[in-house]
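Colleague: Chains as they are written, first to last, in this note's numbering: chain V, 136 to 399; chain R, 492 to 742.
Each hint should be verified, as a subset may be incorrect.
Here are the simulated distance ranges between beta carbons [unchecked claim]: (1) R:Gly580 to V:Arg200: 23 to 31 Å; (2) V:Asp313 to R:Gly580: 55 to 63 Å; (3) V:Gly199 to R:Gln740: 52 to 60 Å; (4) R:Pro658 to V:Gln276: 51 to 59 Å; (5) V:Gly199 to R:Arg579: 32 to 40 Å; (6) R:Leu721 to V:Glu228: 40 to 48 Å; (7) V:Arg329 to R:Ala595: 56 to 64 Å; (8) R:Arg579 to V:Tyr146: 37 to 45 Å; (9) R:Phe596 to V:Tyr146: 33 to 41 Å; (10) V:Gly208 to R:Arg739: 24 to 32 Å; (11) R:Pro572 to V:Pro207: 46 to 54 Å; (12) R:Arg579 to V:Pro201: 50 to 58 Å; (13) R:Gly536 to V:Glu228: 54 to 62 Å; (14) R:Ala732 to V:Arg318: 55 to 63 Å.
Quick partial rundown of chain V residues pointing at chain R, CB under 7 Å, derived from the structure [what the hints assert, rightly or not]: (15) Arg214; (16) Leu246; (17) Arg248.
A few chain V residues that don't get close to chain R, going by computed Cβ distances all over 12 Å [what the hints assert, rightly or not]: (18) Arg211; (19) Gln222; (20) Asn235; (21) Pro255; (22) Asp363; (23) Glu368.
Quick caveat, the hints were computed from the structure, so don't treat them as lab data. Beta carbons: idealized from backbone N, C-alpha and C, even for Gly.
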Amino acid sequence: MIELEGVTHRYGEGQPPALDGVSLVIGAGERVALLGPSGAGKSTLLRSIAGLVRPTHGVVRFRGRPVTGASPGELREIRKEIAVIFQEYHLIEPYTALGNVLVGRFGHLPLWRVLLGLFPRADRELARRALAELGLADYAQVPVRRLSGGQRQRVAVARALVQGGAVILGDEPVSNLDPATARMVLELLCERNRREGTTLVLSLHAPELALQFFDRIVVLRAGRVVMDRPAREVTPGDLAAAYGVRTPGAPPGQGGGAGIAGAL
Amino acid sequence: MYGTTPGRRLAVAGVLTAAIAWSVWVTGFAPSQWDLSAVREFVAGMFPPDWTVLPTVIAKMGETIGIAFLGTLIAFLLAFPLSFAAARGLSPDWIGAPVRGVAAFFRAIPEILWALLFLVATDLGNISGILALAAHNVGILTKLMAEVYEAAPAGPQEAVLSTGAAPAAVVWHGILPWSLPHLFSHLFFRFECNIRTATVLGLVGAGGIGHLLMLHRSLLQYDRMLVDTLGILALVLLSDALGALVRRQVT
Ligand SMILES: Nc1ncnc2c1ncn2[C@@H]1O[C@H](COP(=O)(O)OP(=O)(O)OP(=O)(O)O)[C@@H](O)[C@H]1O
Ligand SMILES: [Mg+2]
């Protein structure tokens with residue numbers, strides 16, 4: 136479904152690469168958790184899959200078609216299939232929660248409907264249901280600038296859910312939620328994965344959530360993939376080593392030792 | 492003035508003195524040569540004011556507001572599409588650069604010059620005033636509005652883009668909602684300025700209260716000029732109040 140081949144990205148000349156030769160194949164229907172310390176390149180990786188960042192080297196393919204160097208028309212077709220939950224939500228501030236969720240339908244509607252804001256009844260229903268599932272039924276008509284951080288994050292999740300693409304990319308989609316709500320949101324995304332085979336690639340900061348909800352764990356550090364393994368084969372010690380953090384439980388001198396210095 | 496050295500202060504004083512001397516010399520500004528009797532005659536002629544022209548003055552005030560309003564509106568309607576073409580990052584440079592150039596040209600010519608041009612061309616006061624304001628302000632608004640879009644946050648644009656929406660949708664939903672309050676704020680400020688400018692344009696014959704003032708002046712009806720002047724004063728105060736009110740609503 137998604138292939139990365141030697142993807143390297145530098146934001147500027149002379150800057151260290153945000154991604155450094157990342158190769159990754161993600162199959163249809165997989166649930167991939169992307170872990171790694173802050174600045175590891177998780178956002179950059181997700182953005183290059185969505186065609187929002189053009190890697191300086193390497194190729195990204197979606198369903199065998201290159202995303203890198205696709206024509207504007209092709210890129211629109213690809214983006215329609217890849218829903219993104221942004222780390223900073225990227226909501227349209229003056230719009231209501233419902234208005235923001237309906238943005239997810241833009242790729243499917245004729246331009247005149249999008250410009251006039253005339254959405255088919257079915258789309259409105261879909262958007263309302265998504266908000267209700269995320270516990271925001273009462274906030275549908277509230278401008279998002281009056282919502283709390285966690286509520287805003289859930290609006291961003293709802294927008295991705297109604298887009299109904301083959302892939303959902305989530306950049307720390309539960310970072311602002313309490314533990315119970317975070318689990319509820321991940322459960323909702325996993326249910327979409329089980330029912331419709333939607334591929335999930337989500338970056339997370341909580342390893343225990345990654346182990347619980349995902350079937351594959353990819354750890355990035357300083358722009359490189361330092362671990363890529365099925366979740367059931369991953370132990371907390373492995374994660375600590377991959378993060379480059381020495382934990383009390385992990386035996387000393389096993390890769391973790393040089394970790395922090397290596398990451399920097 | 493903290494931290495300046497005596498030498499520096501001396502240099503500033505020297506430059507200032509030279510500037511004053513030069514300005515007085517080139518302008519022939521010499522109060523001793525003023526003929527105060529003309530002023531006395533003028534002031535005496537103003538009193539008592541001739542209030543019979545008040546209805547005309549009020550009608551002409553309305554005309555000035557109308558000129559300012561239509562001039563601003565036409566400028567906005569033209570600037571709206573042009574501003575998208577002029578905005579960096581929204582249109583390619585081979586479109587943007589010429590549009591920005593034309594806009595710069597239009598706003599470089601003062602309203603009063605546009606008014607004289609249109610007066611020669613159309614021979615109609617009010618229309619010349621409207622077109623003059625429209626021509627100058629289309630240049631100003633195109634620039635101001637394009638700068639608003641350029642400053643719009645990238646996040647919402649990216650969010651719309653990532654749904655596979657058309658570029659027009661990215662502009663319409665990703666940029667405009669954030670921009671609207673700023674656009675209206677610019678628009679009302681220009682309207683406020685244009686009310687003031689429209690009175691001045693009247694002095695060269697482009698309609699409204701200014702035109703009336705010029706007429707009374709040429710007939711030496713100073714008692715009526717006083718009423719005209721009070722009308723202009725009221726108009727300017729009114730536009731200031733309107734602008735303040737609108738700015739409070741928008742921000
Ligand atoms: N817009 C940008 N311009 C310049 N450099 C950037 C930009 N975005 C990211 N970087 C750099 O790229 C590197 C990777 O950043 P990225 O945002 O991908 O990390 P991340 O893993 O998502 O981190 P976090 O967990 O903090 O979100 C960082 O070193 C960062 O400084
Ligand atoms: Mg990030």
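Colleague: Of the numbered hints stated previously, which ones are contradicted by the structure, given in increasing order?
Modeller: Violated: hints 2, 4, 8, 10, 11, 12, 17, 18, 19 and 20.
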